Structures are given as C-alpha cells and as structure tokens.
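Trainee: Taken in sequence, the protein lines are chains A and B.
First residue of the first sequence? That's 1 in this note's numbering, and the numbers climb one at a time after it.
First residue of the second sequence? That's 1001 in this note's numbering, and the numbers climb one at a time after it.
Since the hints were derived computationally from the structure, they do not count as laboratory data.
Computed from a predicted model, the values in this text were never measured in an experiment.
Errors might be hidden in some of the hints.
[Stated by the list, open to error] One side only, chain A facing chain B, incomplete, derived with CB under 7 Å:
{"no.": "1", "residue": "10"}
{"no.": "2", "residue": "41"}
{"no.": "3", "residue": "44"}
{"no.": "4", "residue": "46"}
{"no.": "5", "residue": "48"}
{"no.": "6", "residue": "54"}
{"no.": "7", "residue": "57"}
{"no.": "8", "residue": "61"}
{"no.": "9", "residue": "62"}
{"no.": "10", "residue": "68"}
[To be verified] Taking beta-carbon pairs under 10 Å as the criterion, some of the chain B residues facing chain A (in silico):
{"no.": "11", "residue": "1013"}
{"no.": "12", "residue": "1056"}
{"no.": "13", "residue": "1069"}
{"no.": "14", "residue": "1113"}
{"no.": "15", "residue": "1119"}
{"no.": "16", "residue": "1127"}
{"no.": "17", "residue": "1128"}
{"no.": "18", "residue": "1130"}
{"no.": "19", "residue": "1132"}
{"no.": "20", "residue": "1134"}
{"no.": "21", "residue": "1138"}
{"no.": "22", "residue": "1186"}
{"no.": "23", "residue": "1211"}
Ideal Cβ placement from N, Cα and C applies to all residues, glycine included.
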Amino acid sequence: MIWSQWLFDLPLALVLLWLAWRLLTSTELFKAVVLFIAFGLLMALAWVRLQAVDIALAEAAIGAGVTGALFLSALKRINSDQQKDDKGQADVKGRNV
Amino acid sequence: MRPFSAKLIIILLLVVLAGFLAWAILSLPFDCTALRTQVFANLGNSGVSNPVTAVLLNFRGYDTLLEIVVLFLAALGAWSLGTVQLPDPLHPAGLFLLALLRILLPAMVLTAGYLLWAGAHAPGGAFQAGAVLGSACILLLLTEVRFASAIVRWPLRTALSAGILVFTGVALGSMALGGRLLEYPPHWAGVLILVIEIAATLSIGVTLMVLFIGGRLSEADGTLSVKSTGQRKDKQ
C-alpha cells in the first residue's frame, strides 16, 4: 500500500480505537452518547476508505443519526424516570443537557 | 485480589480473541475476485448497473426480503412494549428551528428520493434512502407534536407493511408467471426493483420512526392525547 494512504488510514484507525475506549469508559452517559455519534461518523469515513460507499451512507444515516437519536431519547427517559423516583411526581420530563 | 484476577482472565480471553480475529483477517487472500467476476458477468441481466444493488435486490433478493421482514418484526416488537405518550417539549420549537426545518425537511425528502433513484447506477438504494426518510420523520417528531396527532391508525400501518406486501407480491407474482420465487422477468427487472425499493424506502423510514417512538401511541377517541400535567388534552 502506498505510504500516503497509510498517512490517513493509520490515524483514522487509531482515533477509532481511542474513541471507542473513551466512550466505553466515560462516566457520564451523555458524553458517551455524543462520543458514540462521533464514532459513527468516523466509522462512515472508514467504510469509505474500504471502498464500501453504500455501507458508509447507511452507517452515517443509521449508525450516527438514528441510533444517536435513539440513545438520546432513551437517556431522557432514564433521567425522567430517576427524577420521577426522586420526586414522586408523574410528569417531570427532564432533559439531560 | 479476586476482582483483579477476574479482570486478568477477561483481558487474557480478549487478547486471545483479538489475536484469533487478526489471524483470520490477515490470512484472507488479498484479491478475492471469484464472486466479483460472476457478478459483473451477470450485471447486464439484473436490471441495474450498480453491482451492490444488483446483489441486494436481484441475485440475493430473498435475503433482502427477509431483512425487511426482520425490520417489520422489530417495529412490532417496539409496539408490544406498551403504549407511550409523546412528551410535550419543555419549550415549544423556536422560530429559528421551525424556519430551519422548513428548509431542511424538503431537502431531506428530496435526498431520500435521489438516493433511491441513484441506487440503480451509483451507491445508494432503499436502505440508505429509508434511513434519511426515517431521520426526517424523527426530526419532525422532536419538534412538532401536532404532527403526531395526524398519525392515525391506518396510514401508519399501511406504510409499515408496504415494504413486505410489495416485495412478497412481486415474489409470488414472479412465481405465478411461471418462474421460480423472485425470478424477475428479464425485461421487467429494472422496473420491479424500483417498485420494490420505493415500497421498502417508505417502510424503512416509518419503521425507524416507530422504533424511535418506542411503543404504541395511545389514542383516545381517535385523536392523540398528550399528557402534560395529568389532564388529558385532545390535540387536533
């Protein structure tokens, strides 16, 4: 492989591994979800480098977009449930920002 | 010392697994061209000119049919979790967000249509277009709850099942015309693939929206009720 390709691919692979490590070991869930979205976008780049553009499109749309939105929605429900337990009310919809 | 030794065992197992995966990948031949030559040899008969779409929707169309069934079952699974009420946003969508959505949503629908059409000759296809459409629906859900009250029972269910129905109809129709299952007549292959992809795009977009909602929308007297402070309000 041409060394100039390695100049881009090797940092991309290392950043992917580092992002995965950071999001798995982060203590705040919101930070982990944001890192997951960033990971999905870099993964789409990796698919493009592997010459699988269809998968890259699907990864960017579903992996980063829809799954990120799903995680944020689940996070909101977790926090609202915790606030419901704490306060004993039935309608607090907290946003975790 | 017990947690430390357990962690050590797990780390060792993971290193063994990573080594095995690395060996498996590095021992693959660098140039696997056997399947590629076969795909390109038959690309002319498949009705499309993108090899990925030809494999997905013609050569291995049965797999795609089963994938769409799996998505449908996932939507049913989300529905079986119970009813959910779409929450009131903490503050209603601001002016800037609504203006942005007015520009963004038609562009997203257009992008989905373009990805669908371009799937025949370039990277794209039904799943990518469906994902963009699903994202547009999710964006709309996040900002305008009034949109949700327009989701009555039958349009939503028709959109959810359109993918399966059209795909199965084409499959059975090809059998009725004398071929085997999913054996498109060669002249009609391109048209049939486009029709299947349109239905699948709609289905996938609505499935992603249903998965985001995460349950059945509770309905009262046909209109959607959104619980805000313990009172039920009917929204038009």
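Trainee: Could you run down the list of hints and mark each one as holding or not?
Mentor: For each hint, the structure was consulted:
1. Interface restraint check: residue 10/A against chain B, minimum CB-CB distance 16 Å, threshold 7 Å, status violated.
2. Of the supplied interface hints, the one on residue 41/A is violated, with its beta-carbon coming no nearer than about 14 Å to a beta-carbon of chain B, more than 7 Å.
3. For residue 44/A, the shortest C-beta to C-beta distance to chain B is roughly 11 Å, which exceeds 7 Å, and the interface hint is violated.
4. The interface hint given for residue 46/A is broken, as the beta carbon of that residue sits about 14 Å from the closest beta carbon of chain B, more than 7 Å.
5. A hinted interface residue such as residue 48/A counts as satisfied when its beta carbon comes closer than 7 Å to some beta carbon of chain B; here the least separation is about 10 Å, so the hint is violated.
6. The closest approach between the C-beta of residue 54/A and any C-beta of chain B is roughly 5 Å, which is under the 7 Å cut-off, so the hint is satisfied.
7. Hint status for residue 57/A relative to chain B: holds, with the closest Cβ pair at about 4 Å, below 7 Å.
8. Evaluation of the residue 61/A hint against chain B yields a held restraint, the C-beta minimum of about 3 Å falling below 7 Å.
9. Proximity of residue 62/A to chain B holds as hinted, the smallest CB-CB distance being about 5 Å (cut-off 7 Å).
10. Interface restraint check for residue 68/A: the shortest CB-CB distance to chain B comes to about 10 Å, outside 7 Å, so the restraint is violated.
11. The criterion of a C-beta within 10 Å of any C-beta in chain A is not met by residue 1013/B, whose closest approach is roughly 17 Å, and the hint is violated.
12. The interface hint given for residue 1056/B holds, since its Cβ lies 8 Å from the closest Cβ of chain A, which is under the 10 Å cut-off.
13. Contact between residue 1069/B and chain A, as hinted, is not supported at the beta carbon level, the nearest pair being about 18 Å apart and thus beyond 10 Å.
14. Checking residue 1113/B against chain A by beta carbon gives a least distance of about 14 Å; that is not within 10 Å, so the hint is violated.
15. For the restraint placing residue 1119/B at the interface with chain A, the shortest Cβ-Cβ distance is roughly 8 Å, inside the 10 Å limit, so the hint holds.
16. Nearest Cβ of chain A to the Cβ of residue 1127/B: about 6 Å, under the 10 Å cut. The hint holds.
17. For residue 1128/B, the suggested interface contact is upheld, since its CB lies about 4 Å from the closest CB of chain A, less than 10 Å.
18. Checking residue 1130/B against chain A: minimum C-beta separation of about 9 Å stays under 10 Å; hint holds.
19. Evaluation of the residue 1132/B hint against chain A yields a held restraint, the C-beta minimum of about 6 Å falling below 10 Å.
20. Against a cut-off of 10 Å between C-beta atoms, the interface hint on residue 1134/B holds, since the closest Cβ of chain A lies about 6 Å away.
21. For residue 1138/B, the interface hint holds, since its Cβ comes within 10 Å of a Cβ in chain A; the closest pair sits about 5 Å apart.
22. For residue 1186/B, the interface hint is violated, since its Cβ never comes within 10 Å of a Cβ in chain A; the closest pair sits about 24 Å apart.
23. This hint holds: residue 1211/B has a C-beta 7 Å from the nearest C-beta of chain A, less than the 10 Å allowed.
When the structure is compared with the earlier hints, violations turn up for hints 1, 2, 3, 4, 5, 10, 11, 13, 14 and 22 and for no others.
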